[in-house]
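> Each chain, written out:
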Amino acid sequence: MQYLLTSICSLCMVYSGWFIDRLLGKEKRGKWLTSGVLLLTLALVATLPVYGTSYAPILMTTIILYIILAVSWTMFSGPTGYMSLATAAFFGVGIYTAAFMAGDFPPPVFILVGGAASFILALGVGALTLRLRGIYFAIFTFGLVELIRHVLAFIELHVTGTRGRFVFGVDNETIFYYMLGVFVLLMITAYFLNRSKFGLALRSIGEYEAAAAHTGVNVTMVKIVTFAVSAFFMGAVGAIWATKLHYVDPGIAFNPLFTFIPVLMAIFGGMGLLYGPIIGAAFFTLLKEFLTTTLAKYGLGELYMLFFGVILVAAILFMPNGVVGVIQRLTQKWRKGGPVEEHADT
Amino acid sequence: MQILEGEGVTKYFGGLAAVSKVDFSVTKGEVFGLIGPNGAGKTTLFNLISGAFAPKPGVIKFRGEKISGLSPHKICRRGVARTFQDVRVFANMPALQNVLLGSLFGTPTGMSEAEANKRAIELLDFVGLSAMKDIPAGGLTLVNQKRVEVARALATRAELLMLDELMAGLNPTETAEAMELVTRIRKRGVTIFMIEHVMKAIMGVCDRIMVLHHGEKIAEGTPKEIATSKKVIEVYLGE
Ligand SMILES: Nc1ncnc2c1ncn2[C@@H]1O[C@H](COP(=O)(O)OP(=O)(O)OP(=O)(O)O)[C@@H](O)[C@H]1O
Ligand SMILES: [Mg+2]
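Chains as they are written, first to last, in the working numbering: chain Y, 53 to 398; chain V, -4 to 234.
Be careful, since some hints might not be right.
Said to hold, decoys possible - What follows is a list of derived Cβ distance ranges for each label pair:
id: 1; chain 1: Y; residue 1: R183; chain 2: V; residue 2: H192; range: 30 to 38 Å
id: 2; chain 1: Y; residue 1: T383; chain 2: V; residue 2: S20; range: 51 to 59 Å
id: 3; chain 1: Y; residue 1: R183; chain 2: V; residue 2: S107; range: 25 to 33 Å
id: 4; chain 1: Y; residue 1: L339; chain 2: V; residue 2: D129; range: 39 to 47 Å
id: 5; chain 1: Y; residue 1: R185; chain 2: V; residue 2: K61; range: 50 to 58 Å
id: 6; chain 1: Y; residue 1: F218; chain 2: V; residue 2: S107; range: 26 to 34 Å
Hint data in this document are derived by calculation from the structure and do not stem from the laboratory. For clarity, every value in this text was computed on a predicted model and none was experimentally measured. Built from N, CA and C at the ideal position, the CB exists for glycine as well.
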């Protein structure tokens, strides 16, 4: 039952991504109908705590968390082609911000501060590293996760003499609504980012960075700002997530899995369109939930990673553009006879 | 009036002097040609002017102000635009958006999106691509991709346009059209600095020509002077 409900809600999230993609594609037909459906789907998700089991919103919170991480990672790494492995760093900064502030401040405050802290960190890191190309950038950003984790562990051990922190808890329903709120904010941001001239500059950088620079685009600035905006969302959801954990230490907060899982989700779903990473994130989170609970019955709970691996390898081999690529090919076939895109001039 | 001047412009790649102590100047309003054998350092000189690298040592001035050392987008906004030998269009973006990028980001003072759009449309029309404005640039033929590059460069309100082998790979009809395009660009008041291997083209449209060989400047003069220079014939024309 909870799988059915959360799957339906996940589809609603996918739909909202698809809706934004469609708006950005300047598709005008059926505007009222699709907007109506959007409101309906959002209402359906928002009322999940009312009609769902008590566990449904908890699972849905995790799904939305991964959706936000995957989408915000794609927001920067998709168009620019720079492989950022710093997701766990920004997420962790959000977690630790909340660990210090929750209890003394209301959630909106520490969520914003968590996001802002990651935003500022990303500005600094971006200014330092976005001149690096390819693999060097990836390695440096991953180094950042390890660096912060070890520095924090060192400080806790030798300076403050503590071991981790307790986090003031917030009830599950409230966490769910904040997570959903950040998702809506992310969708709105993605829409305006893509539609603006800033988005045009970002795409040109992804296509040919040198040409963009020689056409007057301040490529470094555009990359840094986008990197920081994506980090804001990672930090914000980190702060929300912290209140669910009750206890955090550097190893929990700066877990490299929070870097890798969203990347895999985005690749699986496809990075060309907004709904791609959403599909990937929802699918993998549900799959993980299903596998861990099913396998746990046989004491094989940790085997789910093996399934992940197999699915990913298959996905990369057989659908290079992710689920989105497959869907696009299918719809093109389905429309055969209609206007075929003409790409060669004469 | 000199619009572009270089003094002792030098660039080493490891131990190789790709451009070595080159002095040059381009006069406002002229078409200035740059020729030389393969690997002579022509593209590298363009890269130095447009800011892909900084000369070391050497100084480049545009309208009397030093531009060497500035980043490419700043140099572009000062009024220096270019095309690339290995045609670099934004392949997945419609032709119009390619050009729009220039008018949105590359102009000295910036302009509203409506104005930028108008300018992009005007320039696509200028290079004869109005009909293809919505086609992704990667789907265009080579000659049309080159035209998109020219329109994109002009959209930045460039005063100096650098063309890196605009005619390479074009058939005779297209070459003639490209020569005619160069003449029309000049009539807009844009100064042109062009690298070319097609002799007929360069001799036909240039006011003055400079010759590079192994990174060094070996000659400079009118097309007639260049065509009859012994030194030039030895290293290049006589091939
Ligand atoms: N980025 C680079 N790194 C290292 N060496 C380079 C680089 N760019 C150019 N070179 C070298 O510098 C020399 C000059 O190259 P350049 O491209 O400027 O020649 P060119 O005159 O434009 O030749 P062509 O007519 O073939 O285009 C060549 O030996 C080339 O291999
Ligand atoms: Mg060259």
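> Per the hint of 26 to 34 Å, is the separation of the Cβ atoms of F218(Y) and S107(V) within bounds?
With Cβ atoms ~54 Å apart, the hint is violated.
> Please test the hint of 25 to 33 Å on the beta carbon pair from R183(Y) and S107(V).
For R183(Y) and S107(V) the Cβ distance comes to about 31 Å; the hint holds.
> Can you tell me whether the CB distance of T383(Y) to S20(V) sits inside 51 to 59 Å?
Check passed, 58 Å falls within 51 to 59 Å.
> Do L339(Y) and D129(V) keep their Cβ atoms within the hinted range of 39 to 47 Å?
Distance hint for L339(Y), D129(V) holds at roughly 40 Å.
> Take a look at whether the Cβ-Cβ distance between R183(Y) and H192(V) falls inside 30 to 38 Å.
Given about 34 Å between the Cβ atoms, the range holds.
> In this structure, is the beta-carbon distance linking R185(Y) and K61(V) contained in 50 to 58 Å?
violated (28 Å)
Hint violations for this structure: numbers 5, 6, all remaining hints satisfied.
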